[in-house]
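Trainee: The residues making up each chain are set out below.
Protein chains: 4
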Amino acid sequence: MAPDALTDVRPRLRSAEEYRESLRDGRRVFYRGEAVADVTTHEVFRHAVEHASLDYRMAHDERYRELAVGPDGYSRYFTVPRTSDDLLARSALIEAATRAGKTLVVLIKEIGSDALFSLLALKSRLGEPYAGRIQRFYEHCRDGDLAVCVAQTDFKGDRGKGPSQQPNPDAYVRVVEERADGIVVRGAKVHTSVSVNANEMIVLPTRAMGPDDRDYAVAFALPLDTPGLKLVASPYLATKGKSAFEHPLSAERKMVETATLFDDVFVPSERVFMAGQHEHAGELARGFVEFHRFTAISYKLPLVDALVGAALLASRVNGLDRAGHVRDKLSWLISYAETLRALTHHAAERCTVVDGVAIPDTLLVNIAKLQFAQGLHTAFQHVQDIAGGLLVTYPAPEDLDHPEYGAALRRYLEAAGGASGDERLRVMNLISDLTAGEYGGYQAVLAVHAEGSIEAEKLTILAQYERERAIEYARWLAGIEEGEWPPSD
Amino acid sequence: MAPDALTDVRPRLRSAEEYRESLRDGRRVFYRGEAVADVTTHEVFRHAVEHASLDYRMAHDERYRELAVGPDGYSRYFTVPRTSDDLLARSALIEAATRAGKTLVVLIKEIGSDALFSLLALKSRLGEPYAGRIQRFYEHCRDGDLAVCVAQTDFKGDRGKGPSQQPNPDAYVRVVEERADGIVVRGAKVHTSVSVNANEMIVLPTRAMGPDDRDYAVAFALPLDTPGLKLVASPYLATKGKSAFEHPLSAERKMVETATLFDDVFVPSERVFMAGQHEHAGELARGFVEFHRFTAISYKLPLVDALVGAALLASRVNGLDRAGHVRDKLSWLISYAETLRALTHHAAERCTVVDGVAIPDTLLVNIAKLQFAQGLHTAFQHVQDIAGGLLVTYPAPEDLDHPEYGAALRRYLEAAGGASGDERLRVMNLISDLTAGEYGGYQAVLAVHAEGSIEAEKLTILAQYERERAIEYARWLAGIEEGEWPPSD
Amino acid sequence: MAPDALTDVRPRLRSAEEYRESLRDGRRVFYRGEAVADVTTHEVFRHAVEHASLDYRMAHDERYRELAVGPDGYSRYFTVPRTSDDLLARSALIEAATRAGKTLVVLIKEIGSDALFSLLALKSRLGEPYAGRIQRFYEHCRDGDLAVCVAQTDFKGDRGKGPSQQPNPDAYVRVVEERADGIVVRGAKVHTSVSVNANEMIVLPTRAMGPDDRDYAVAFALPLDTPGLKLVASPYLATKGKSAFEHPLSAERKMVETATLFDDVFVPSERVFMAGQHEHAGELARGFVEFHRFTAISYKLPLVDALVGAALLASRVNGLDRAGHVRDKLSWLISYAETLRALTHHAAERCTVVDGVAIPDTLLVNIAKLQFAQGLHTAFQHVQDIAGGLLVTYPAPEDLDHPEYGAALRRYLEAAGGASGDERLRVMNLISDLTAGEYGGYQAVLAVHAEGSIEAEKLTILAQYERERAIEYARWLAGIEEGEWPPSD
Amino acid sequence: MAPDALTDVRPRLRSAEEYRESLRDGRRVFYRGEAVADVTTHEVFRHAVEHASLDYRMAHDERYRELAVGPDGYSRYFTVPRTSDDLLARSALIEAATRAGKTLVVLIKEIGSDALFSLLALKSRLGEPYAGRIQRFYEHCRDGDLAVCVAQTDFKGDRGKGPSQQPNPDAYVRVVEERADGIVVRGAKVHTSVSVNANEMIVLPTRAMGPDDRDYAVAFALPLDTPGLKLVASPYLATKGKSAFEHPLSAERKMVETATLFDDVFVPSERVFMAGQHEHAGELARGFVEFHRFTAISYKLPLVDALVGAALLASRVNGLDRAGHVRDKLSWLISYAETLRALTHHAAERCTVVDGVAIPDTLLVNIAKLQFAQGLHTAFQHVQDIAGGLLVTYPAPEDLDHPEYGAALRRYLEAAGGASGDERLRVMNLISDLTAGEYGGYQAVLAVHAEGSIEAEKLTILAQYERERAIEYARWLAGIEEGEWPPSD
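Going line by line, the protein sequences match chains A, B, C and D. According to our numbering, the first sequence is numbered sequentially starting from 1. According to our numbering, the second sequence is numbered sequentially starting from 1. According to our numbering, the third sequence is numbered sequentially starting from 1. According to our numbering, the fourth sequence is numbered sequentially starting from 1.
Treat the hints with caution; some may be incorrect.
The list makes no distinction among identical chains, and a pair is therefore deemed to hold if it is satisfied within one copy or across any two copies.
Straight-line distance between alpha carbons at most 20 Å, and here's what the computed DMTMM-like set of lysine to aspartate or glutamate pairs gives [as the list claims (entries may be wrong)]: (1) K242 to E50; (2) K161 to D321; (3) K242 to E482; (4) K242 to E43.
Honestly, the hints are just simulated from the structure, not real lab data.
Using the sequences provided together with the hints, build the complete structure.
Mentor: This is the structure:
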């Protein structure tokens, strides 16, 4: 197995500068109602571009090269996982990038490869001409070392109704015209991450569909400068005007989400991966989500590590290391973080190989994601508890340098732990940024909703569990089935 | 009961304009290292002044007059509670003001009167000349309808040591000189709320003290323009540049906390309420905190109501009213809010009258505060869960009006509940402001730390509970004590 | 109002002996498949009879008389509540009886009067002849000071279907024949408490019904010796062979539940309170449950007090008073217990008077019940945690007295708290009985299921909350409704 | 490495009958104050013997042989783990035995080998003559295929004081005489599991000790019939008189705990493994506990599986599969069980090899144990919730066969799930036994206390976590450390 290995061109690993340059095209991006001429220089988006370029810089960084470059010489993000070890390496790469990215996932290759893998895994069932197109598009992304985003979630309208039953026929993206050379699509997607600074956008269905939803069972890819494609960016969590002292995580880092509008966009046939195969829509939707949830639990690890580290650091600079309740909360935070790590790694180790693609254990991935999601708000509470009220009453950095009272203020801010006032304030600001401002809110809402909601994870857990095995044991315990365990048959 | 009632001057109820005018004095306020010339016109503080003036406007508003004005014609905030009904009325006033203040407590009279009541309750134990000064200062505030802030929390330094054992002798505010006509104090307080826009500041000790801490056992009051007093305001949660569409709660409302520096400030004797009576320091500290926690649980009610209301509204505009998990979370939120309300009201009903002052049941107040504090993060989680990812990916208001895609976007934002796109977005923005941005973070941190931390509340609960009664019952149940219940003695 | 007051016979307060004697009739009770000739002497049921007689003894006990006897001279259990104070007195009586009953509710009058009140409240809607029969039956119970049980829960069969759609037509109790002088009923009820030692059984419908369920919309009363009525008692938690040293709560106390079979039982017209009025079935079912939940939260108070007291006592005899984690768990337990108490009392204070009957606040009653039910298992965990492993490894009382090693064992069992080995063991046994054996299991299952399940309570909370008021506030906060709060209309 | 492999005698695998026979010796066992002549025929202990014999039967059972017999032909319980795979195999064996043992751990070899491994791991530090004795005793147990119990927990007395400071000098087991040929010990241990039916007892210290505690730093082994050794068995959870229909788990299965008294017991030198090396006492105590916690989390798996299976089965026989809240609780239970399984397996995979002995990851073992312990009570609550009130009101099996009403009762007990009344009742009885009676209480208390308490696990978690690594990351995030991540050094 490996068309990868057969290619004789030297694998390309773009530089951060090449990546940045590639974003200067005719894409139509709007911010607060205004068209953005160049995302690489825009006051907010440039931070998103800079953050995303981390995925490129790592491949050229000696410290990360082994992790960031696959055995075939391409970016490891595009390495199709075949074994547990491949999954562990992918997870480690995603974790390392997010760690270097100060707890904000980079995503610019992560999410796109998740979608590519789910498409590849569906090739044999979709058959030709789709299988070939998928393979070629995958190679196009890999060979070009492209930044790839994914638009999946539709606006949906009435949640009690399917795509074809909506009052607004465009509530889900659909095919409005089939031409000899391609299709025309209309509609909109919401929550599209990193679209303003990607090279390609993969569009996937968001749910299972029935025969009436045929027009909505559509998957395809587009370069970002495709006519008719409009990206309306959310103003949430703008970097604008923030100082790194006060917002050490979010002042200079950014991920952008857009409402993504398809105004009768033409997609050439070669880029259409599904059009009408409603019976595979759910499978594709779920397949992507499952790969993406494994990405998610991998990139949450630096965040939970940061919470533990920040709490430990705060307990130290506040002189509270010995307090019983602080130790109790610290042990909770450690258990939370390390359970997530263990579940993530174990999900890779217990993978299933389907058509040559290693899929992390779905049950464990969802349990990991659920436990992360259900615990984050409590984790914030504990970290805030250890940190103290200064989180929202801290003085400004300008105050520390004030000739009249700056020195006194610094001295008052010193505490038992031997940290200077400046250091203590930095710890407070880290925790404030991490848990009590827009960045913390962003992480909290992502925890609950990104890569599928808490309720979706519960349903998956219930569906994936081997229920009959457990019931059989209970029946034996209850004496309904007689004889010894295990039942001989 | 009432020296109050004997005064023959007509009670004064200042207008909002008079209040605002009173703030234009020589007070030294700093914001991001710069001196603020006039807090009433400063781009951030003017919102704090405007918010605070609500306490004045209500007294002149027919709809609130009965609640806002006491039976003696003064502001009800200054009505010393004598009965359960007084406490219930005070609680209702605080709740109403916060409700009209869009879930942000007004505090400008609430906190000051809490301190005044705790001083009044200590009069007989402090004796003269302190008792008389306290009474006169109380009347001064009441008669002048003044805005009064309280500075209590010291920076503390090493938490394992008492005030007099700190490496930094100024870690707690202390008397550095005793003069014939007053005292000179030095040190600093942190987390001082509403100080930039108050008329008077009451300074209280923050903890119990021993004989060595004599210099630190000090309580007094100062007008805000006292020489040597410096207020360094926190930059957290600035209103600057926010739109009310996106931040319906926090764009135009603000409470300011300061680091409060006492650079050898002279306090005339008449304004000194404690100086050296270390044996009463803990009592005064706790007395204020207990009154203030009752204020706190009263002003948390609009916040928890807003969470319930926002969740109900979100479930409706998202078309999720019928979903089982949504109903489960809604019932949790309702139980959370109404338990807090019941405990608050019941604490007033079960008050204890000490020296003529009605004190809400300490055990119940602390249980209420603790349950609020421990549940808020989970409440945020549930509300965010019901609301959806739009909380952090919403388009800007400018986008809704864009000629090219605004109308389409509005239509996509419509959902099953019959709400327009504009309305749905407003609901999302409310919840984003309430739970996922700086305002939500502010409320979350206040929940854990303001008016005493979670751990302080636990200790109070343990201390206040009638342990021996419970142990006696357990001993009887265990058969250690014989006979029938109740034991006859 | 008061036919009560007009009666010129002297109110009757039966003695415990009279009560016991009244149970020797032709009732058909089965225990483990065997007919029980006399419940007052049966090795298990006699403990149930003895426990139930507490309700009678209290009325003749000087210490309880004021609480146990109503202002009209009848047992207070039969006093129809007209005011908050009536509800508080009723709650206090139920609490006192359960406290004297060592945390096991007595129930023999409590549950019957709950049913009577719900029938009385429905009189005007049911009209004659039902109204008169209800009134007369109420007076019959009150005047005779009778022990009254209630059979409500049907076996149900398929929970997705209503009564008339069940494969087994007898899955819900129904009328199989209407005669001139009465009706004949068939079917069975489950979970019928205290039936083996009651004088009267009131039978109520268990849910709302539709027109097709007419035959199932039936309510009536029967003396326990009615032909065709069979009581099959559960063997769970038998007192048999238990020593009071090891099981201080459950060795000599018992409440009995039965499966209650109606084998074509004739009910004379005078005792039929509903027959076919399906439109009132749900109302009657809910009405009883709501009264009964108030009874429930009242009788849970001694249980939660016992948990707090036992935990305090265990921490003392184990020498753990000072341990931080123990104090944390104790404060949790106290908050749990006192929140339940506050909600219970506040529900009485906020009652609604309907047709002259005071109904405790339904929202608060259900919140109280839910919080109790959701917390009990955690409370058990905390108490077990403080108590230690001896809960399940304790030696027998016979060991303490063994000539060879008894004295040594007693000494080893002593701990820091100054308690003797015997005392420490008694504390362990109390907690073992309370949380870790059948009695604890009984209380745990009752917490979740008795008087309606956790889920039923959640639904009631959602239904009872004033949703529109909360939504209106959220709409104003969101800026959807303009102007000041409160909206003028 | 491997004296094991060099031995030329054929490894012995005793039969269950040989095991049973070996228990008929002069051991002094007391039950309720009476000496037990033969534990294999005693009405309670025979169930313990029968249950324990499972460990022997499995080695002769084809279905289990591969798991139960190590590669060297001895019982796998005695296979010293060298690799992750050894640990996984050991864990699988313990899980399988407990599963076949109906959720009750067998323990008769498990706990003893945990102690042997911890002694073997300490050999090099203890030096001779201890190292040789340990090795020989290990071989003695392995070669003889012996049942080995462990006595560790002392009665302790005042928990605030060390062994040598206790008012009662025997509160911890100690050496009272050193002879040329051995030592004489005095004192007592509590919570000693399976001692009545073991062949050997290993005695270990329970905590770290100081120089003054020299006499208490003692470890040794004894055959159970050693003079002066007395076993006082707990009466908790007696099998006596229980039917398997009503108590499918606990009617015929039993683990016995004893208070274990050492009345000046002589221990020959060859069996003394530590005497006075106080500096190693804590290490040995912890070493055993850590091995034993891994055993614990392995043997908890069938219990949590049983909870999931029972809940699934109950939801089916109650016809509640589709109910939203039931599915929510089921997904919680599955996550609980599978997180425990993943952590257990991952702890084996991440083992550390010390002196050739593979030690499961301590951090993960403790997190697993803690999460199990903290969740079990909630798990019980959810299972009880799904099962219903019948858990404590079920009729007796004799009732189902009653000629008069048995058939009717069976029919009423049928529910939607297609299960017969008999089956449904068996499911209820399983859950009642599992969660609501003495067996459930036993499991609940063991969860909190066995193999170390919840608080001990928290402390271990905090101690084992790589704190400095986390703090370093937080410092970099906060901007205290500059440069890129990871820091180059």
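Trainee: With reference to the structure, classify each hint as holding or not holding.
Mentor: Status of the hints after comparison with the structure:
Taking the closest pair of Cα atoms, K242 and E50 come within 20 Å of each other only inside a single copy of the chain (16 Å); across copies the shortest separation is 26 Å, beyond that limit. When the C-alpha separation of K161 and D321 is checked against a cutoff of 20 Å, the pair qualifies only between copies, where the shortest distance is 14 Å, while the shortest distance within a copy is 54 Å. In the homo-oligomer, the alpha carbons of K242 and E482 lie at most 20 Å apart only across protomers (19 Å), although the nearest pairing inside one protomer, at 69 Å, exceeds that limit. For the homomeric pair K242 and E43, the shortest alpha-carbon distances inside one copy (11 Å) and between copies (17 Å) are both at most 20 Å.
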